[in-house]
Amino acid sequence: MEDLRLEAKKKVLAIKDLPTLPQVLEEVSKLVEDPNVSTEKIAQVISKDQVLSAKVLKMVNSPIYGFPRRISTIQHALVLLGFNVIKGIIISTSVFDIMNTSMVGLWEHSLGCALASSVIAKKANLKDPEEYSVAGLLHDLGKVIALVQLPELKTEVEELVKKEDIPYYLAEKKVMGFGHDRINAWLVDYWNLPLRLKEGLAWHHQLGMAKHYPEVAAVVHLADFLTRVFEIGFAGDDQVSKLDGRVFKILKLSLSKFEEILDELCDEFIEISDLRPD
Amino acid sequence: MQKIPINLAQPGMVLEKPAVKENGQVLLAAGATLTEGIISQLEKKGIKTIVVQGEPLDMEGLTSNPSFEKRAERLEHLFRYYQNDPVMQKIKKFLQYYFRQKALISAGGQKDS
Amino acid sequence: MTQLEHVYPQACWNLFERGSRAIEFLFNNPPGLLLVDDSLQDIEPVELVGLFKSENVYRQVPVALILTEEKAKEIDFSLLEVDDFFLKPLNPIMAQKRLDLILSRAARALDANPLTHLPGNTSIIQKIQSLIEQKKHFALAYVDLDYFKSFNDKYGFSRGDEVLMMTARVIVNTIRSIGGKNSFVGHVGGDDFVFITDPDKVEQACQMIIASFDSIVPNFYDLEDRKRGKIISIDRQGQVREFPIMAISIAVIFNYGQLKHYGEASQMAMNLKKIAKKNPKSSYVLDRRKST
Numbered sequence: 001m002e003d004l005r006l007e008a009k010k011k012v013l014a015i016k017d018l019p020t021l022p023q024v025l026e027e028v029s030k031l032v033e034d035p036n037v038s039t040e041k042i043a044q045v046i047s048k049d050q051v052l053s054a055k056v057l058k059m060v061n062s063p064i065y066g067f068p069r070r071i072s073t074i075q076h077a078l079v080l081l082g083f084n085v086i087k088g089i090i091i092s093t094s095v096f097d098i099m100n101t102s103m104v105g106l107w108e109h110s111l112g113c114a115l116a117s118s119v120i121a122k123k124a125n126l127k128d129p130e131e132y133s134v135a136g137l138l139h140d141l142g143k144v145i146a147l148v149q150l151p152e153l154k155t156e157v158e159e160l161v162k163k164e165d166i167p168y169y170l171a172e173k174k175v176m177g178f179g180h181d182r183i184n185a186w187l188v189d190y191w192n193l194p195l196r197l198k199e200g201l202a203w204h205h206q207l208g209m210a211k212h213y214p215e216v217a218a219v220v221h222l223a224d225f226l227t228r229v230f231e232i233g234f235a236g237d238d239q240v241s242k243l244d245g246r247v248f249k250i251l252k253l254s255l256s257k258f259e260e261i262l263d264e265l266c267d268e269f270i271e272i273s274d275l276r277p278d
Numbered sequence: 001m002q003k004i005p006i007n008l009a010q011p012g013m014v015l016e017k018p019a020v021k022e023n024g025q026v027l028l029a030a031g032a033t034l035t036e037g038i039i040s041q042l043e044k045k046g047i048k049t050i051v052v053q054g055e056p057l058d059m060e061g062l063t064s065n066p067s068f069e070k071r072a073e074r075l076e077h078l079f080r081y082y083q084n085d086p087v088m089q090k091i092k093k094f095l096q097y098y099f100r101q102k103a104l105i106s107a108g109g110q111k112d113s
Numbered sequence: 001m002t003q004l005e006h007v008y009p010q011a012c013w014n015l016f017e018r019g020s021r022a023i024e025f026l027f028n029n030p031p032g033l034l035l036v037d038d039s040l041q042d043i044e045p046v047e048l049v050g051l052f053k054s055e056n057v058y059r060q061v062p063v064a065l066i067l068t069e070e071k072a073k074e075i076d077f078s079l080l081e082v083d084d085f086f087l088k089p090l091n092p093i094m095a096q097k098r099l100d101l102i103l104s105r106a107a108r109a110l111d112a113n114p115l116t117h118l119p120g121n122t123s124i125i126q127k128i129q130s131l132i133e134q135k136k137h138f139a140l141a142y143v144d145l146d147y148f149k150s151f152n153d154k155y156g157f158s159r160g161d162e163v164l165m166m167t168a169r170v171i172v173n174t175i176r177s178i179g180g181k182n183s184f185v186g187h188v189g190g191d192d193f194v195f196i197t198d199p200d201k202v203e204q205a206c207q208m209i210i211a212s213f214d215s216i217v218p219n220f221y222d223l224e225d226r227k228r229g230k231i232i233s234i235d236r237q238g239q240v241r242e243f244p245i246m247a248i249s250i251a252v253i254f255n256y257g258q259l260k261h262y263g264e265a266s267q268m269a270m271n272l273k274k275i276a277k278k279n280p281k282s283s284y285v286l287d288r289r290k291s292t
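Protein sequences appear in the order of chains A, B and C. Be aware that the first sequence starts at 1, since it is given in the numbering used here, and climbs by one per residue. Be aware that the second sequence starts at 1, since it is given in the numbering used here, and climbs by one per residue. Be aware that the third sequence starts at 1, since it is given in the numbering used here, and climbs by one per residue.
Hints are not guaranteed to be accurate.
[Unchecked claim] Chain A is faced by these chain C residues, among others (derived, beta-carbon under 10 angstroms):
1) 79
2) 169
3) 220
Quick caveat, the hints were computed from the structure, so don't treat them as lab data. Predicted, not measured: the structure shown is a model, and the values here were computed from it. Where a beta carbon is used, it is the ideal one built from N, C-alpha and C, also for glycine.
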């Protein structure tokens with residue numbers, strides 16, 4: 001198991017090209033061609049895509065720019081990278097060779113989780129809700145990386161999910177010995193992402209381990225759970241994640257606050273729901 | 001509330017959210033009651049979907065946003081791995097109660113068609 | 001070597017047949033460029049170069065060798081600290097171009113701020129002077145950070161450098177996105193920056209820079225200071241001191257053809273800056289005087 005983990009880690013960190021969905025790339029590519037477009041508009045569109053967001057954060061936190069581990073929102077990253085660099089990132093991003101619905105589902109789930117994280121952070125009166133939104137958006141990035149760098153393991157995990165009808169996270173543990181949260185942790189370190197993002201991405205399934213920013217881990221944990229309750233997108237299984245009761249204490253959420261969150265999510269999620277053609 | 005395609009809109013339905021064009025322009029405010037005339041106006045102006053109060057239509061299979069009653073039912077399936085987990089079961093029951101309440105409130109706010 | 005004299009007559013040349021004579025001259029009057037021909041008899045060219053470059057005061061003088069191709073093949077340029085080389089026989093036109101390149105590259109390297117690599121004082125002065133002489137209409141802004149010193153004192157110079165790198169990016173990207181015919185950004189040193197843009201765009205530039213800076217700079221503080229909105233530190237006497245979160249101050253002066261010399265510009269800006277710095281929050285001050 002240990003060898004498998006080391007091998008997998010090597011493969012993960014060797015990642016050269018992270019592709020994304022064609023429709024996202026198309027939208028952003030069109031935007032950057034417009035000379036009058038504002039950074040806010042570009043940020044808005046990039047914030048909906050976990051791969052572009054990850055690339056942007058990785059670049060702005062690179063030691064080359066001089067301030068690693070400081071920037072954790074897309075808005076700030078775009079201001080610091082500037083238009084030329086952003087355009088460069090978009091031009092050099094490719095799309096998946098083979099697209100399938102489960103990938104689209106994963107993107108939808110991440111977007112749903114980003115939204116939910118933002119709502120929860122606001123209701124819990126936490127400062128800078130955008131930071132929580134980013135953490136929510138990227139919480140399953142490890143699954144995308146596994147898709148690209150560890151395809152055989154990923155297939156094995158999917159088959160186990162089907163065969164034993166267990167949650168994806170548990171199947172990951174059984175097949176690989178570690179979950180997508182561990183992959184997140186490797187990437188966050190390697191890419192010099194800020195500590196609060198690290199704790200949100202690495203510990204959203206193990207709340208007790210988040211020593212410095214327990215709220216971020218708690219928000220992402222709850223957001224992931226609720227996104228599954230509302231069945232937004234598809235994250236590898238049609239189950240809820242195990243809810244750690246400590247979230248309510250960490251975020252100081254009363255039952256009525258929790259209901260407010262649910263109300264808000266009913267409202268927000270209907271916006272991103274779509275209608276099947278007749 | 002329900003998101004429905006404009007071609008299924010009926011007079012008497014009330015907008016839960018404003019009808020907004022793709023460019024962000026608000027055509028009709030939330031709370032407005034739809035008439036035949038208004039519906040065809042919205043269609044002409046390119047509106048494809050609207051969000052109405054209550055749950056007047058049976059959108060089974062047509063939407064990724066199921067009715068509140070459906071959501072309550074789905075929870076059994078979603079929580080199936082945790083059948084023997086008392087904490088998770090409590091949470092499930094709370095959520096089922098929540099969605100069923102929402103379903104009732106929706107039904108109460110519906111106009112007679 | 002005399003060939004080069006003809007090719008580059010604008011320079012003041014000092015020729016030495018003997019390396020030993022050259023050394024004394026070099027140490028007393030470091031030139032803008034040192035060219036060493038490999039036919040030097042009394043001292044190995046490589047030795048001469050090494051001697052010269054080993055002293056930090058002479059290190060940024062560009063040095064080039066003139067040598068045969070065979071000799072060039074023998075040299076390991078990763079070990080020898082020269083800045084360029086010419087192959088014999090010399091091609092006069094190419095040699096002239098090369099000399100231009102060596103001199104401008106050296107000037108750029110010398111002038112660039114070592115941290116941000118933005119143009120430094122020499123380039124800034126040249127730019128302002130050139131715009132004044134061409135009677136261009138422009139807005140000249142001087143930027144610095146309030147409470148930067150207290151930040152450095154508490155968090156150290158390394159983190160202070162991070163803030164400067166961030167500030168540089170904010171200014172550069174804002175000016176670039178605003179456009180403008182004569183836009184320019186320079187880094188005087190420390191937390192002092194300069195930018196030039198069109199008069200009708202400068203106010204927007206100031207507002208954008210301030211908004212971005214204010215929004216991003218809290219990320220560089222530790223959690224407790226960030227929550228408090230100020231630095232709490234203890235000075236050497238054991239006193240508790242408080243300092244606000246860093247703010248950015250911008251003073252803007254305009255040229256409508258009335259300026260004669262960059263010195264005027266910087267003097268006016270310095271005075272304006274005092275007003276901006278009175279405000280503990282980020283602010284900008286525009287020189288409202290119109291040309292008569």
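Do the hints match the structure? See the list:
A least Cβ separation of about 27 angstroms between residue 79 of chain C and chain A goes past the 10 angstroms threshold, and the interface hint is therefore violated. With a least beta-carbon distance of about 5 angstroms to chain A, the hint placing residue 169 of chain C at the interface is held under the 10 angstroms criterion. A distance limit of 10 angstroms between C-beta atoms decides the matter here; for residue 220 of chain C the minimum to chain A is near 6 angstroms, and the interface restraint holds.
Comparing the model with each earlier hint shows a violation of hint 1 alone; every other hint is respected.
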